[in-house]
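What follows is each chain in one-letter form.
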Amino acid sequence: MLLPLMAAAVQSGTPILYATIGEILTEKSGVLNLGVEGIMMVGALAGFLVAHYTGSPLLGFLAGGLFGALFAGIHGLVCLAFQGNQVVSGLALTILGTNLATYLGTPHVGHAAPGFQTLLVPYLAEIPLLGPVFFKQDLLVYISYFMPFFAWVFLRYTRWGLGLRVVGENPEAGSAAGLWVPGYRWAGIFAGGFLGGLGGGYLSLAYTHLWTNGLSAGRGWIAVALVIFAFWRPGRAVLGAYLFGGVMAFQLRLQATGTNLPSSLLLMLPYGLTVLVLVFSSWRGRGTAAPAMLGVNMEPMD
Amino acid sequence: MLGINITKKQEPSLWGSCFLFVGAVVLSLGISALLLWMRGKSPLDGIVLLFKGAFGSPGALEDSLVKAIPIFLCSLGVAVTFRLQIWNIGAEGQFALGAVGATWVALQFPTLPAALMLPGMVLVAMFAGGIWGLIPAVLRNWAQANEIIVTLMFNYLGILFLEYLVYGPWKDPVSFGFPMTKEFSQSAVVGMIGHTRINWGVLLCLFFGLAVWIFLRYSRLGFELKASGENVKAARYAGLPYERLVILVMIFSGATAGCAGFLEASANLNRLQPSIMVGYGYTAIVVAWLARLNPLYIGIASYLLAGLKVGVENIQLELQVPAAFGGLMEGLFLLTVLAGAFFTKYKISFRRKT
Amino acid sequence: MRKMILFLVFLLAFSMGSAGAAEKEMKVGFIYVSPIGDAGWSYAHEQARLALEAMPGVKTSYVEAVPEGADSERVMLNMARKGYDIIFATSFGYMDSMLKVAKQFPKIVFMHCSGFKRAKNMGTYFGRMYQARYLSGLVAGSMTKSKILGYVAAFPIPEVIRGINAFALGAQAVNPDVQVRVVWTKTWYDPATEKEAAKSLLDVGADVITQHQDSPGAQEAAEERGAYSIGYNSDMSKFAPKAHLTAAIWNWVPLYKKLVQEVRAGTWKSQALWPGLSEGIVGLAPFGTMVPEKVRAMVLAKKKAISAGKARVFSGPIKDQKGKVRIAAGSSASDGELLGMTWFVKGVIGTTE
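Protein chains in written order, with the numbering used here: chain F, 93 to 394; chain G, 416 to 769; chain U, 1017 to 1369.
These aren't lab readings, by the way, just hints derived from the structure by calculation. Among the clues, some could well be false.
Below, in silico cross-link-like pairs of lysine to any residue (SDA-like), each with a Cα-Cα straight-line distance of 25 angstroms or less [said to hold, decoys possible]:
1. U:Lys-1116 / U:Thr-1283
2. G:Lys-586 / U:Leu-1115
3. U:Lys-1335 / U:Ser-1347
4. G:Lys-586 / U:Lys-1340
5. G:Lys-586 / U:Ala-1349
6. U:Lys-1335 / F:Asn-352
Simulated restraints, written as ranges between beta carbons of each label pair [unchecked claim]:
7. G:Ile-629 / U:Lys-1338: 57 to 63 angstroms
8. F:Ala-265 / G:Phe-638: 36 to 42 angstroms
9. U:Ala-1344 / F:Leu-221: 49 to 55 angstroms
10. U:Ala-1344 / F:Leu-95: 44 to 50 angstroms
11. G:Gln-500 / F:Ala-265: 22 to 28 angstroms
12. U:Gly-1099 / G:Phe-524: 42 to 48 angstroms
13. F:Gly-350 / U:Lys-1285: 45 to 51 angstroms
Idealized CB from N, CA, C, for every residue including glycine.
Isolated chain F (complex conformation) (with noise of 0.2 angstroms):
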């Protein structure tokens, strides 16, 4: 019982780990962007449809990303070039991704694409425990395992990384050590839409090869509510996300064993977890180690 829970959890948390992972490269370079959960829709949209047309699940995956990296580019223009209300911005991309995959996707909804399937890791597939929870997964979940330990290179290790966070914390002191500070953001942004267009293409190919409206269900929230409770660390969200798949995954497990709760309850689990893990994480980093300038845009100089 506890081992198909995992490996649910597992798969369930991958969408949400990809755009989390995401979101932390933007907001590492300052830029905090509440649109996940629309840049998740037009991936998945973008996925499904460029899968359907080519029939290779694998360009729609990375047309996902693509898409999600473009439709990311509307807040990098309407903040870092118009100087707008980087909240407010990212909540209106929120409606405008979901609306438009919505209305866009519409005459598809019903239709399958060709997606990835279950590959089995050859040897450790057969460790007991591990296996059948970590390596019986499709080939976007394997990807997923190895993208924090990137992004946490990235960000410690490399030049790029250092100076993506140096703009975050204090832009000022980057551009006068002479770092272009529009182009690391513009950067974050694109990579955390790339990635979570990725998380979306996820949902359309891989977790179901269906499409329908509203696909990401309040994913691209919870991802962004992950990153607080990752502490905008790379492998902290990875038991983040696994924990809230495994939660969603859950509910619906304890229902199929019978139980007499009210399903409405049950449903309140991964939300209210998300409020518990907020408050702790908050409250025990006591927000600093958010990246200082989070959400203020760089004022326009000559």
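With chain F fixed as given, assemble chains G and U onto it according to the hints.
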């Protein structure tokens, strides 16, 4: 070599703001028309139908007003919080709790006369909504928990709580097991004005709108709030620390949204059921941002956005356009306003680089 | 000169007469509670609407995703003001609003699906989907090896509960120890959640999955695990070719056509219509190749019996989950009891909340 000078204006101009608003509307309509064309529908027909459906007949004007009432109430509260840079996304959940509170009164005391019943419902609705706004505020103050996420999660929690009640303890015994409460007794229903479909809740809108206006104009706190610039967190207002203000405005916001919930349950549905949730809380965010903290502008913007929703139904009926089109326009509109605000805040001039 | 006038009068009378005799063009409006693209409930109605559109002299239109309450009232008013002749509202929650509007427009015919309030110009209609569910239960009961059947269900409303019960009764008829486990997804169309729900049922040992959902998510889950599945609303075999045994499907076309013709001819009367298998409103999708001939024959025989009125699905004795007898031996459930069903039969594991 041409260089661009961007200098911040002292104060955004009024003409600029109007122009921006109109420009944003035009741009959004343009993009929406393009999207219509992409789906093979005639863009011009679509736009015309939109306006006709929203404002093109006395029936339509009435319908838009009915829909504007809850949007206005929610927006008023949200606008107040936005002014303090508190991003209250929770109007939807506060709306739900308000409806629940009002329903509790109606179901617990079905025999009360209207003179006691209705004020009772309003008060409990405001109380319930207020609590749903208070908790995120407290969490923010005490644990620095990001209110955007907390209020958003509270939306889900509030709606699920409503569903729990309606599927479970409050389910109507005569409605064949469908998730809805008993029908409210007549004394719990807010009536319509004359033969129109506009309910008396419009008076509540006037009341709150006026209250906020008076508050902003004549009280020290209100004056300071209105006059302060972008950086609101540093100062104290009327001797009150920022944290205290956070609590106050979140309670107020929750209360007004709760009021909207009460009106929808009482006047329009005459009972509580899950379909009461139609997203007014989210539209309120759009309105609050567009109209800032001016009750008159909030009223106008609420009416326009209500009209948008009503008009979209007309396009659906005549052109078979999906319902998501309306939300799409809302999002576009907000983005264009955000981007366009740049031009009212900054002066752009070109100069030759030597 | 007089002949001329006579001739003109004759011509006028003739043209007026023939205009009257020509078929009146009907404007028919539909209100859907969900987007039609979801391949589910609204989709099935939409298919029928398209069939109506193909009829000569009939123009149709629809508004989708209309929330119940003030919004639906407004949409109906809009249609009424535009002079529609018949308006179909396809969700229970539209009931009160439709009644209000019907009172204001006595010349228009209002048809409400799945409700119970009527007026002189407002009737109700529904379909006995539970009959098809019963038949699908026969199939499931015959094909299961683990004796555990999984039901992915959307919302605990009577029609869903009724369907689950009928399914369970059908399965129990051929396999008395069978269990039906229910998971509520609280959504009509969310393939990811539905698939997850199906997986959770498969994990507790179910080997046949069925659903009261609008997407084929659960079908996919069954296909991936090598289990069996039974679809809903329409034939879902293309999503689960190896798993799909059959599906419980809607076919509103005959009913809608009949109603339009009645209104046109002026013979329509307000009634509570509840047709089923015998009128072809509900049915079973074609069997998958994995269903053995014996089972097919048995199910088709039962289908004939029910259509002919010789057999009834909810005939007693039927006990509920706690063991209390709800339908006495020798009697069968009345329409009223069926419409308001909020309890599960014995053998169903799950809550009704």
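Against the structure, the hints:
1. U:Lys-1116 / U:Thr-1283: holds, 23 angstroms
2. G:Lys-586 / U:Leu-1115: holds, 21 angstroms
3. U:Lys-1335 / U:Ser-1347: Holds: Lys-1335 (chain U) and Ser-1347 (chain U) sit about 13 angstroms apart, inside 25 angstroms.
4. G:Lys-586 / U:Lys-1340: Within the cut-off at roughly 22 angstroms; holds.
5. G:Lys-586 / U:Ala-1349: holds, 22 angstroms
6. U:Lys-1335 / F:Asn-352: holds, 19 angstroms
7. G:Ile-629 / U:Lys-1338: 57 to 63 angstroms: holds, 60 angstroms
8. F:Ala-265 / G:Phe-638: 36 to 42 angstroms: holds, 38 angstroms
9. U:Ala-1344 / F:Leu-221: 49 to 55 angstroms: Holds: the Cβ-Cβ distance is about 53 angstroms, inside 49 to 55 angstroms.
10. U:Ala-1344 / F:Leu-95: 44 to 50 angstroms: The hint (44 to 50 angstroms, Cβ to Cβ) holds, given that Ala-1344 (chain U) and Leu-95 (chain F) are roughly 46 angstroms apart.
11. G:Gln-500 / F:Ala-265: 22 to 28 angstroms: With Cβ atoms ~25 angstroms apart, the hint holds.
12. U:Gly-1099 / G:Phe-524: 42 to 48 angstroms: Holds, at about 44 angstroms.
13. F:Gly-350 / U:Lys-1285: 45 to 51 angstroms: holds, 47 angstroms
Violated hints for the displayed structure: none, as all numbered hints are satisfied.
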